[in-house]
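Got chain A; can you put chain B with the ligands on it based on the hints?
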Amino acid sequence: MAVRPLESARMTDRFHLDAVPIRLDGCGKTFPGGARALEPLDLTIRGGETIVFLGPSGCGKTTTLRIIAGLESPDPGGRVLFGDEDVTDLPIERRNVGMVFQSYALFPNMTVAENVAYGLKVRRVGRAERGRRVEEMLDLMHLGEFAGRRIDQLSGGQRQRVALARALVVRPRVLLLDEPLTALDAKLRDSLRLEIDRLLRELGITAVYVTHDQGEAMALGDRIVVMAKGRVAQVGTPREIYYQPADGFVADFIGTMNRVGGTVRDGVLRIGRGSLPWSGPDGPVELLTRPEDIALASGEADAHLDGRIAAAVFLGDRTRLVVEPADGPPLTVDTAGRSDLGRGDRVSLRVDPARLLAVP
Amino acid sequence: MTSLTHRRGWGFWLQLGFTLLVCALLTVPMAMSMLAGLTANYFVGLKSGLTLHWVEEVWRVYAGTILLSLQIAVACLAVTLVVGVPAAYALARRPGRLARLVEELLMMPVAIPGLATALALIVTYGAVGDLRSSWLFILVGHVLFTLPFMVRAVLAVMLSVDLTTLEEGAASLGAGFIRRFRTIVLPNARSGILAGSLMVLTLSVGEFNLTWLLHTPLTKTLPVGLADSYASLRIEIGSAYTLVFFLMIVPSLILLQGLARHGRPSA
Ligand SMILES: Nc1ncnc2c1ncn2[C@@H]1O[C@H](COP(=O)(O)OP(=O)(O)O)[C@@H](O)[C@H]1O
Ligand SMILES: [Mg+2]
Numbered sequence: 001m002a003v004r005p006l007e008s009a010r011m012t013d014r015f016h017l018d019a020v021p022i023r024l025d026g027c028g029k030t031f032p033g034g035a036r037a038l039e040p041l042d043l044t045i046r047g048g049e050t051i052v053f054l055g056p057s058g059c060g061k062t063t064t065l066r067i068i069a070g071l072e073s074p075d076p077g078g079r080v081l082f083g084d085e086d087v088t089d090l091p092i093e094r095r096n097v098g099m100v101f102q103s104y105a106l107f108p109n110m111t112v113a114e115n116v117a118y119g120l121k122v123r124r125v126g127r128a129e130r131g132r133r134v135e136e137m138l139d140l141m142h143l144g145e146f147a148g149r150r151i152d153q154l155s156g157g158q159r160q161r162v163a164l165a166r167a168l169v170v171r172p173r174v175l176l177l178d179e180p181l182t183a184l185d186a187k188l189r190d191s192l193r194l195e196i197d198r199l200l201r202e203l204g205i206t207a208v209y210v211t212h213d214q215g216e217a218m219a220l221g222d223r224i225v226v227m228a229k230g231r232v233a234q235v236g237t238p239r240e241i242y243y244q245p246a247d248g249f250v251a252d253f254i255g256t257m258n259r260v261g262g263t264v265r266d267g268v269l270r271i272g273r274g275s276l277p278w279s280g281p282d283g284p285v286e287l288l289t290r291p292e293d294i295a296l297a298s299g300e301a302d303a304h305l306d307g308r309i310a311a312a313v314f315l316g317d318r319t320r321l322v323v324e325p326a327d328g329p330p331l332t333v334d335t336a337g338r339s340d341l342g343r344g345d346r347v348s349l350r351v352d353p354a355r356l357l358a359v360p
Numbered sequence: 361m362t363s364l365t366h367r368r369g370w371g372f373w374l375q376l377g378f379t380l381l382v383c384a385l386l387t388v389p390m391a392m393s394m395l396a397g398l399t400a401n402y403f404v405g406l407k408s409g410l411t412l413h414w415v416e417e418v419w420r421v422y423a424g425t426i427l428l429s430l431q432i433a434v435a436c437l438a439v440t441l442v443v444g445v446p447a448a449y450a451l452a453r454r455p456g457r458l459a460r461l462v463e464e465l466l467m468m469p470v471a472i473p474g475l476a477t478a479l480a481l482i483v484t485y486g487a488v489g490d491l492r493s494s495w496l497f498i499l500v501g502h503v504l505f506t507l508p509f510m511v512r513a514v515l516a517v518m519l520s521v522d523l524t525t526l527e528e529g530a531a532s533l534g535a536g537f538i539r540r541f542r543t544i545v546l547p548n549a550r551s552g553i554l555a556g557s558l559m560v561l562t563l564s565v566g567e568f569n570l571t572w573l574l575h576t577p578l579t580k581t582l583p584v585g586l587a588d589s590y591a592s593l594r595i596e597i598g599s600a601y602t603l604v605f606f607l608m609i610v611p612s613l614i615l616l617q618g619l620a621r622h623g624r625p626s627a
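The listed protein sequences derive, respectively, from chains A and B. Numbering of the first sequence is given in the working numbering, commencing with residue 1 and proceeding in unit increments. Numbering of the second sequence is given in the working numbering, commencing with residue 361 and proceeding in unit increments.
Looking at chain A on its own, in the form it has when it is part of the complex (with noise of 0.2 Å):
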């Protein structure tokens, strides 16, 4: 737990939210048409967590959020809950949500101060409690100057951070975020990223993130859902999915994997010239490794592969070489910055046992 500053930490005790459980129990979807958008899921995410729905285009992420928040209703049989009242038969309107759409939904016909005290008046707040309630997130989101502006004269981080302040102003049980990063160029997305992933901690507000980005997945998710084609390939924490991939989609989705073919007999694992101790069923296997669980072998003793390098890129702190070894797909191996290969230079590579992952 990193130490907060102390006025931010001040700021956001006022907004401190109860932070509620959903449960999803066998929730699919089926689109008129027939298009089986979802197989039904079984889900549980726990009270003040961040979980973070992550994979391709077209896996269901968006249709799974969109049933958590009553935009769509799950196929028969599926129920939703929050703590425990079922919400399944409620419309978005009446479950308290805070949504944040990929492509923001702010009023065009609003000021962003009348944008976030939307929700507020519509709850019938008062209009000094409104005045002061939409102040208060409008400093927390530094909006305050932007208060009188109309949408489009913003800049792009700023109606994210619009969308975000008019969401949790009205202290929704739970907030959910389809991609609200992905319209943003590379730089505001980080900064941005930053800044909801301490808000979603400092609010403690169960928070469920849609996203295609492994780094924005890694960086905020409490639990990562990996979803592949409609089902759900794994849900683990980021260093579960990273470690533990469950099967080979999640390791090759995940951070950069490589495929290493060996043969075992009688305990012993055979990779290229090199052998190790290996228990498992004889016969040939593909095993995986990630780039920093390969190292350049300090002498021909404890070398498995040999290789010539295809490709050498300087990435600063370190530098990441694709080997090509005499047979075989290529391996990814990250290597010191301070490094002077370069292509064509023919090396031998060691690969760490422990780190050798035999996945289905």
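What the hints contain is simulated information worked out from the structure, not anything from laboratory work. Computed from a predicted structure; not experimentally measured. Be aware that a few hints might be false.
[Said to hold, decoys possible] Rough simulated footprint, nothing fancy, chain B against chain A, three-plus residues with beta-carbon under 8 Å:
| # | stretch |
| --- | --- |
| 1 | 90-98 |
| 2 | 110-124 |
| 3 | 263-275 |
Just so it is clear, CB atoms sit at the ideal spot from N, CA and C, and this is done for glycine as well.
Showing chain B with the ligands alone in chain A's frame:
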């Protein structure tokens, strides 16, 4: 730079001249006609002097047609607003093929000659109660004719602002349907509603084809009266009548144009 902004080439003057010529072609006959309505004796010419006599004469004979035209136009606007805006909304919210088909069908009455529509109305409803002799019969024709213009104008704006998502945003903040319609749908469709209203008013006031067949001697509208006066009375009266027509329609046009420009959606 300077040569471009300060010394204009012959191309510019050619274009300007052409534009002015086209404008003159359109406006000179109108101006001549209206001037005729203020001339004491058209055959003698302007030297016979200017007078408001003919305008007064028009008011004396045709005041009824003018008021009826206004009455029908306002009623027509009311009906097309009440029917057309929700219809456009329904079409905007429904993305399916059926909605697009309805959209196409909406253009049909415009493609059919007004006389044919009028005849169809008479054949179908002519015998229903006192409808045939009522001004409401003309109103029905005008609504039929103008409704598509209202729907299309509103629909175009509604589709351009992505109403579905805006409404979902409002719903996520707790707003029910009525409130969403009032605070999100209507304000964001404003420019389309104004443009549609402008079309409906002017089309209704100027409509002749349908109205000519639907009217009775007691339900004459302004354009029907105009045709009548052109055919049977002194040219000065017809011209003065045209002048009255312009005086009626131009201010409302300017007003609505101004409103439409003011309320153009900013996104
Ligand atoms: N309203 C809809 N009608 C029909 N099919 C839909 C609808 N919304 C989404 N789909 C389909 O469902 C699948 C999942 O969509 P979505 O949840 O939006 O994916 P994601 O957000 O992961 O990109 C896609 O194949 C998409 O085409
Ligand atoms: Mg999506």
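Subject >> Numbers of the earlier hints that this structure fails to satisfy, in rising order >> reply: When the structure is compared with the hints, only number 3 turns out to be violated.
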